[in-house]
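Chemist: One line per chain: the protein sequences are A and B, in this order. Numbering-wise (numbering that gives the first Met the number 0), the first sequence opens with residue 0 and increments by one. Numbering-wise (numbering that gives the first Met the number 0), the second sequence opens with residue 0 and increments by one.
A couple of the hints might just be wrong.
[Said to hold, decoys possible] Under the rule of at most 30 Å between Cα atoms (straight-line distance), these lysine-lysine pairs were calculated in the DSSO-like manner:
{"#": "1", "chain 1": "B", "residue 1": "Lys244", "chain 2": "B", "residue 2": "Lys126"}
{"#": "2", "chain 1": "A", "residue 1": "Lys395", "chain 2": "B", "residue 2": "Lys126"}
{"#": "3", "chain 1": "B", "residue 1": "Lys244", "chain 2": "A", "residue 2": "Lys2"}
{"#": "4", "chain 1": "B", "residue 1": "Lys404", "chain 2": "A", "residue 2": "Lys126"}
{"#": "5", "chain 1": "A", "residue 1": "Lys126", "chain 2": "A", "residue 2": "Lys244"}
{"#": "6", "chain 1": "B", "residue 1": "Lys404", "chain 2": "B", "residue 2": "Lys87"}
{"#": "7", "chain 1": "A", "residue 1": "Lys244", "chain 2": "B", "residue 2": "Lys404"}
{"#": "8", "chain 1": "A", "residue 1": "Lys244", "chain 2": "B", "residue 2": "Lys2"}
{"#": "9", "chain 1": "A", "residue 1": "Lys126", "chain 2": "B", "residue 2": "Lys126"}
{"#": "10", "chain 1": "A", "residue 1": "Lys2", "chain 2": "B", "residue 2": "Lys191"}
{"#": "11", "chain 1": "B", "residue 1": "Lys126", "chain 2": "A", "residue 2": "Lys87"}
Derived from the structure by calculation, the hints contain no laboratory data. In this text the structure is predicted, and so the values were computed from the model without any measurement.
There are 2 protein chains.
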Amino acid sequence: MTKITLDESEIPRRWYNVVPDLPSPPPPPLHPGTLAPVGPEDLAPLFPMELIRQEVTGESYVAIPDDVIDVYRLWRPTPLYRAHRLEKALNTPARIYYKYEGVSPAGSHKPNTAVPQAYYNAAEGTKRLTTETGAGQWGSALAFACAQYGLGCEVWMVRASYDQKPHRRTLMETWGAVVHASPSRATNAGAKVLAGYPDSPGSLGIAISEAVEAAAGGADTRYALGSVLNHVLMHQTVIGEEALKQFAAADERPPDLIVGCTGGGSNFAGLFLPFLREKLADRANPVIRAVEPAACPSFTRGRYAYDFGDTAGLTPLLKMHTLGHDFIPDPVHAGGLRYHGMSPLLSHMYELGLFEAVAKQQRECFGAAVTFARAEGILPAPEPSHAIAAVIEEAKRCAESGEQKVLLTALCGHGHFDMSAYERYLSGEMEDFELPQDRIDTAVAGLPQVG
Amino acid sequence: MTKITLDESEIPRRWYNVVPDLPSPPPPPLHPGTLAPVGPEDLAPLFPMELIRQEVTGESYVAIPDDVIDVYRLWRPTPLYRAHRLEKALNTPARIYYKYEGVSPAGSHKPNTAVPQAYYNAAEGTKRLTTETGAGQWGSALAFACAQYGLGCEVWMVRASYDQKPHRRTLMETWGAVVHASPSRATNAGAKVLAGYPDSPGSLGIAISEAVEAAAGGADTRYALGSVLNHVLMHQTVIGEEALKQFAAADERPPDLIVGCTGGGSNFAGLFLPFLREKLADRANPVIRAVEPAACPSFTRGRYAYDFGDTAGLTPLLKMHTLGHDFIPDPVHAGGLRYHGMSPLLSHMYELGLFEAVAKQQRECFGAAVTFARAEGILPAPEPSHAIAAVIEEAKRCAESGEQKVLLTALCGHGHFDMSAYERYLSGEMEDFELPQDRIDTAVAGLPQVG
Chain A
0 MTKITLDESE IPRRWYNVVP DLPSPPPPPL HPGTLAPVGP EDLAPLFPME LIRQEVTGES
60 YVAIPDDVID VYRLWRPTPL YRAHRLEKAL NTPARIYYKY EGVSPAGSHK PNTAVPQAYY
120 NAAEGTKRLT TETGAGQWGS ALAFACAQYG LGCEVWMVRA SYDQKPHRRT LMETWGAVVH
180 ASPSRATNAG AKVLAGYPDS PGSLGIAISE AVEAAAGGAD TRYALGSVLN HVLMHQTVIG
240 EEALKQFAAA DERPPDLIVG CTGGGSNFAG LFLPFLREKL ADRANPVIRA VEPAACPSFT
300 RGRYAYDFGD TAGLTPLLKM HTLGHDFIPD PVHAGGLRYH GMSPLLSHMY ELGLFEAVAK
360 QQRECFGAAV TFARAEGILP APEPSHAIAA VIEEAKRCAE SGEQKVLLTA LCGHGHFDMS
420 AYERYLSGEM EDFELPQDRI DTAVAGLPQV G
Chain B
0 MTKITLDESE IPRRWYNVVP DLPSPPPPPL HPGTLAPVGP EDLAPLFPME LIRQEVTGES
60 YVAIPDDVID VYRLWRPTPL YRAHRLEKAL NTPARIYYKY EGVSPAGSHK PNTAVPQAYY
120 NAAEGTKRLT TETGAGQWGS ALAFACAQYG LGCEVWMVRA SYDQKPHRRT LMETWGAVVH
180 ASPSRATNAG AKVLAGYPDS PGSLGIAISE AVEAAAGGAD TRYALGSVLN HVLMHQTVIG
240 EEALKQFAAA DERPPDLIVG CTGGGSNFAG LFLPFLREKL ADRANPVIRA VEPAACPSFT
300 RGRYAYDFGD TAGLTPLLKM HTLGHDFIPD PVHAGGLRYH GMSPLLSHMY ELGLFEAVAK
360 QQRECFGAAV TFARAEGILP APEPSHAIAA VIEEAKRCAE SGEQKVLLTA LCGHGHFDMS
420 AYERYLSGEM EDFELPQDRI DTAVAGLPQV G
């Protein structure tokens, strides 16, 4: 089989929480003023109670509400593909599988968490959600999800992307969202930036400040985050749970290698956490590998330390692999991977040695994406092209060694809104960025002092 | 169920040819010089013999080669959706189904024929295929298909689209195609136009001339067409064959109404022909309805007459509903429906009263597409938004009458490369076009004299 599909009845009915299965829990977020662990009351202005509960739950599983399943089935279960044609193109004895999340309406894995976040907010009386978005993948997922539950959606989109990527903005507007270029005059945070720098191209950090301010200011308005947090990673485990069933349905042995790209960590976690559960129970033994951009290498070159989640320093302090909240990554095309930090849960697990990480330059990734597109048809987004590059690298190793390894990766989205990046690659204009150590040293020197 | 999927093993193994089931065959194409029916030898410079054979076959079924199935299964079977959430939004007792072809790598139904066309060409020794494309949907489908069989692909893309829609061009290039802006200096036909009009924005007619000239000039080069011809419509019947199985799997009775949009006719035909077979055998009784743009109403306001398939008058004469080969449709956003003629086979069947046709203005269609996107998530291409508008119209009628009709439509592609059209609609800048009768009268006055 090329495409291993599951019946709608096989959509997972519960999300998997890895925390109870770990030898130790991840260090808690800290209040930046008191340095005490953050409690539910600190988060209540921003998130509904059920999501706060899920963020800290000790249960191994959380039931997925029927009303969430009802939206999931617009695109779930997603297909698992055996990449026969790519294997042939690479002349490799490896068996390559990819789990494709680009079939969602928003074209990525992001709706897996946008939908439950919108649902729990609607259930607790929220009327409007705010968020920030860079290239627009998360913003469009939330706009879609809000349309499903009749919630208003306001998105602060980094000005540079707002101007350069009008199509993602139109996609959000088609689903009914209001999209602001950030910095905007709609918030004090934005107005303050514009007063000093009227032509500011914006940043994710500024956009977060605006979205958080707008949420904190409205009684029936809350805020939604698309990666990094525990509950977001947990929602994404539907990916790996389905993949496990699909491997069984295909009568294939568990993968020898699982590869995913990491920005905040949610798509990678969504795929591998259920397989890790099997590994911890001695039912499988995959090598698990994160792939990050060489321009933003939080795992491979960052510090494991408490840091702010945003540039402006408004969020709780998170213990994570970070390049420093002042770090500004070079403008690689994988906008979804340009984040200075990393999921605290994944950071903790990396320290425990539960997976490994590598960094890739973007030209190798786009080269891999073009090879993939010509063989398999699907055009990958710039983010998963990092995972594909690592899979192709491994498949070529197998071609040399003769090993019949089973490789699995997450193709977390399509590249239909990223064609200008492909155009730059094909025209030979795309550049790689070397990241000098002193830029990292300077940024991590600005880490907050904790304890 | 929301999404009715089929196992890979249920991909149809043969295409359905409706011609033997009709009370009379469609009138043959004529050689424009001799006015005699066109024979295989006239077509051999442009098409491989197997496609010429399929164009005129009297068999009811043609077997699909295994090597074609092997590519089909990258995305087939495609899902049939029950539009529960749209029904709820419309508060209608109608049961709405849509067959979604946007899951193909090129994002539309076009690869259903691009793949076998590339396959038969490769099998008969063709090294390179040429074609024309307007907005780029057909060109990208052929580029994808050629990549699958190692064929070169050269696409003449109408200059206006080439400049305005660079992303479709990049998509074709990613799959390895060479894309020319038409008119180009690469052909005599193009050079001639440019000599008289250096800034020509091009037209589909000019692009066809260029692609045909380039194919005729090369011993191992042939030409491919994305709609209109019998073999193209036949390849699309995989859509309706799957839908029939999916209706059975969903335990649903046959549809009361089948709706599709028509430009050249291939996606509409692909959906309804297998259901028509059932109707002719008294196993179903659907009303079948074509929806065309009011700006290009070949069925509803065109003449049924012999005309050229292209603007320059290079093709055989085809008996079809036509607005005249000189007719230039107003610039509606559904580029795939802006064709002066219509499939001769469908034209013949329309004369036989086997289906009906209506015309729609584009603002109604985009309004329907936005309603659809907010309910079902998927963003329709401008072309199928015409079919969606007609389905919503019928569903609203059912809401008034209380009828529990079963409605089926073809959602033949997504709109990810058409966001600028959505932007115009949402900003209130989209216009409708009234088509005065004298423009049609003038154009049909230029029809060739036959018999």
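Chemist: Which hint numbers does the structure go against, in order from smallest to largest?
Modeler: 1, 4, 5, 7, 9, 10
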